[in-house]
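The whole structure should be built from the sequences, with the hints applied where relevant.
There are 2 protein chains.
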Amino acid sequence: MNQIKLSIRQEEIIKLVKQNGPITSEALAQKLKVTRAALRPDLAILTMTGILEARPKVGYIYSKKPTYSLIYDYIRNIKVIDVMSEPVIVNENTLVYDAIVHLFLNDVGTLFIQNNGYLVGAVSRKDFLKIAMGGTDMHKVPVGVIMTRMPNIVFVEKEDAVYLAAQRIMEHEVDSLPVIERVFENSKENFKIVGKVSKTNITRLFVKLGENN
Amino acid sequence: MNQIKLSIRQEEIIKLVKQNGPITSEALAQKLKVTRAALRPDLAILTMTGILEARPKVGYIYSKKPTYSLIYDYIRNIKVIDVMSEPVIVNENTLVYDAIVHLFLNDVGTLFIQNNGYLVGAVSRKDFLKIAMGGTDMHKVPVGVIMTRMPNIVFVEKEDAVYLAAQRIMEHEVDSLPVIERVFENSKENFKIVGKVSKTNITRLFVKLGENN
Numbered sequence: 001m002n003q004i005k006l007s008i009r010q011e012e013i014i015k016l017v018k019q020n021g022p023i024t025s026e027a028l029a030q031k032l033k034v035t036r037a038a039l040r041p042d043l044a045i046l047t048m049t050g051i052l053e054a055r056p057k058v059g060y061i062y063s064k065k066p067t068y069s070l071i072y073d074y075i076r077n078i079k080v081i082d083v084m085s086e087p088v089i090v091n092e093n094t095l096v097y098d099a100i101v102h103l104f105l106n107d108v109g110t111l112f113i114q115n116n117g118y119l120v121g122a123v124s125r126k127d128f129l130k131i132a133m134g135g136t137d138m139h140k141v142p143v144g145v146i147m148t149r150m151p152n153i154v155f156v157e158k159e160d161a162v163y164l165a166a167q168r169i170m171e172h173e174v175d176s177l178p179v180i181e182r183v184f185e186n187s188k189e190n191f192k193i194v195g196k197v198s199k200t201n202i203t204r205l206f207v208k209l210g211e212n213n
Numbered sequence: 001m002n003q004i005k006l007s008i009r010q011e012e013i014i015k016l017v018k019q020n021g022p023i024t025s026e027a028l029a030q031k032l033k034v035t036r037a038a039l040r041p042d043l044a045i046l047t048m049t050g051i052l053e054a055r056p057k058v059g060y061i062y063s064k065k066p067t068y069s070l071i072y073d074y075i076r077n078i079k080v081i082d083v084m085s086e087p088v089i090v091n092e093n094t095l096v097y098d099a100i101v102h103l104f105l106n107d108v109g110t111l112f113i114q115n116n117g118y119l120v121g122a123v124s125r126k127d128f129l130k131i132a133m134g135g136t137d138m139h140k141v142p143v144g145v146i147m148t149r150m151p152n153i154v155f156v157e158k159e160d161a162v163y164l165a166a167q168r169i170m171e172h173e174v175d176s177l178p179v180i181e182r183v184f185e186n187s188k189e190n191f192k193i194v195g196k197v198s199k200t201n202i203t204r205l206f207v208k209l210g211e212n213n
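Read top to bottom, the protein sequences are chains A and B.
Here full-length UniProt numbering is used: the first residue of the first sequence is 1, the next is one more, and so on.
Here full-length UniProt numbering is used: the first residue of the second sequence is 1, the next is one more, and so on.
Hints are computed from structural coordinates only; laboratory data are not their basis.
Misleading hints may appear alongside valid ones.
Heads up, simulated SDA-like pairs for lysine to any residue below, C-alpha to C-alpha not over 25 Å straight-line [stated by the list, open to error]:
id, chain 1, residue 1, chain 2, residue 2
1, A, 126, B, 54
2, A, 126, B, 83
3, A, 126, B, 124
4, B, 79, B, 186
5, B, 130, A, 124
6, A, 130, B, 43
7, A, 208, A, 6
8, A, 130, B, 174
9, B, 31, B, 11
10, A, 140, B, 43
11, A, 79, B, 148
12, B, 57, B, 78
13, A, 130, B, 27
14, B, 79, B, 11
15, A, 15, B, 48
16, A, 126, B, 98
17, B, 57, B, 43
18, A, 208, B, 11
19, A, 130, A, 95
20, A, 192, A, 106
21, B, 140, A, 33
22, B, 126, B, 91
23, A, 126, B, 126
24, B, 130, B, 106
25, A, 208, A, 192
26, B, 15, B, 78
Structure representation (structure tokens):
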């Protein structure tokens, strides 16, 4: 990762403003034993990057919300392939009970369902719980009966932005999206399941973003 | 939010580098019809902020990983209180069936359990599903029997960093944390449930961070 390359004096200015802000450029110059003119370029850089904020007639304060456009840019550039994890896939004739066992053994919240190697549906803890409440015999019903079926599955592709995946997760109120690869066969488009992105992946990414380098 | 305040010429430089990078300062000066000396302060600012990267003997390139320390700072400064949502709380003698109904009606993944107004436990979709698989009569067993009980509940407080909440969610492999307030009574510490932070809140925050202002 790139670190912003501040000079020692700029670091000192930030420290002084954190401790004493709001503080005027006169007061800063005095504390650093330099002229105001000598500070001007440093203060220009620190305000331009959004690290400090200049309040007219008040002085400089430390801004806790720096360089928003950079964060925006940074986040938009992380791709699905950088955070996705292994999907857990079962066939659509798997019995509900066996599917739930799969869910627990793999410690995931959503199973993706395939038929002939292609995505046909998805089923979540919520779907299973609904079935359990209804008193359905889980040893008799195949997962294909209760799953959400294509084309009602929202998905992403490997080169999409994680940001897009997060947006779709929130918008469609799901926990997890399959990551797919498009396969054209007999002029029909099919989707191969190659990964998944869930709220867990996004939370893990958030922790990584906040880590001390 | 603060926007980084770039001059029109700096914006033009970024655009040129995005399109033509790697590009030397000579080539940039030519395209902008100015001298290299005139560009020097702008290039200094753009590399210092991490927007551009200067590669010796190659030229300037657009950096997709800018100012990591700023992102770090920014993320660490968002507090639980800025993102938390309403907790869904039931009493520990609520029947499992009724608790699951609560879960669905409120569309949440975790219920927090209180007794005399204080946190005593938590129960998730996963816990409910386990019970359903076992064939337990959900109309007879109270939620207090199956919940995870204090002191095994991980929580956060309103003034904690969301980053800490995300860390705890990942570390303890839970979907949601209660946000608590400490109450001292008869020299005993109790916890009042005042909110919750879940993977959904973190994902929503991530979407917000990536939004175009």
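Against the structure, the hints:
no.: 1; hint: 126/A <-> 54/B; result: 51 Å, violated
no.: 2; hint: 126/A <-> 83/B; result: 24 Å, holds
no.: 3; hint: 126/A <-> 124/B; result: 11 Å, holds
no.: 4; hint: 79/B <-> 186/B; result: 30 Å, violated
no.: 5; hint: 130/B <-> 124/A; result: 14 Å, holds
no.: 6; hint: 130/A <-> 43/B; result: 60 Å, violated
no.: 7; hint: 208/A <-> 6/A; result: 23 Å, holds
no.: 8; hint: 130/A <-> 174/B; result: 21 Å, holds
no.: 9; hint: 31/B <-> 11/B; result: 14 Å, holds
no.: 10; hint: 140/A <-> 43/B; result: 69 Å, violated
no.: 11; hint: 79/A <-> 148/B; result: 36 Å, violated
no.: 12; hint: 57/B <-> 78/B; result: 41 Å, violated
no.: 13; hint: 130/A <-> 27/B; result: 64 Å, violated
no.: 14; hint: 79/B <-> 11/B; result: 33 Å, violated
no.: 15; hint: 15/A <-> 48/B; result: 19 Å, holds
no.: 16; hint: 126/A <-> 98/B; result: 15 Å, holds
no.: 17; hint: 57/B <-> 43/B; result: 16 Å, holds
no.: 18; hint: 208/A <-> 11/B; result: 30 Å, violated
no.: 19; hint: 130/A <-> 95/A; result: 15 Å, holds
no.: 20; hint: 192/A <-> 106/A; result: 20 Å, holds
no.: 21; hint: 140/B <-> 33/A; result: 77 Å, violated
no.: 22; hint: 126/B <-> 91/B; result: 19 Å, holds
no.: 23; hint: 126/A <-> 126/B; result: 9 Å, holds
no.: 24; hint: 130/B <-> 106/B; result: 21 Å, holds
no.: 25; hint: 208/A <-> 192/A; result: 29 Å, violated
no.: 26; hint: 15/B <-> 78/B; result: 31 Å, violated
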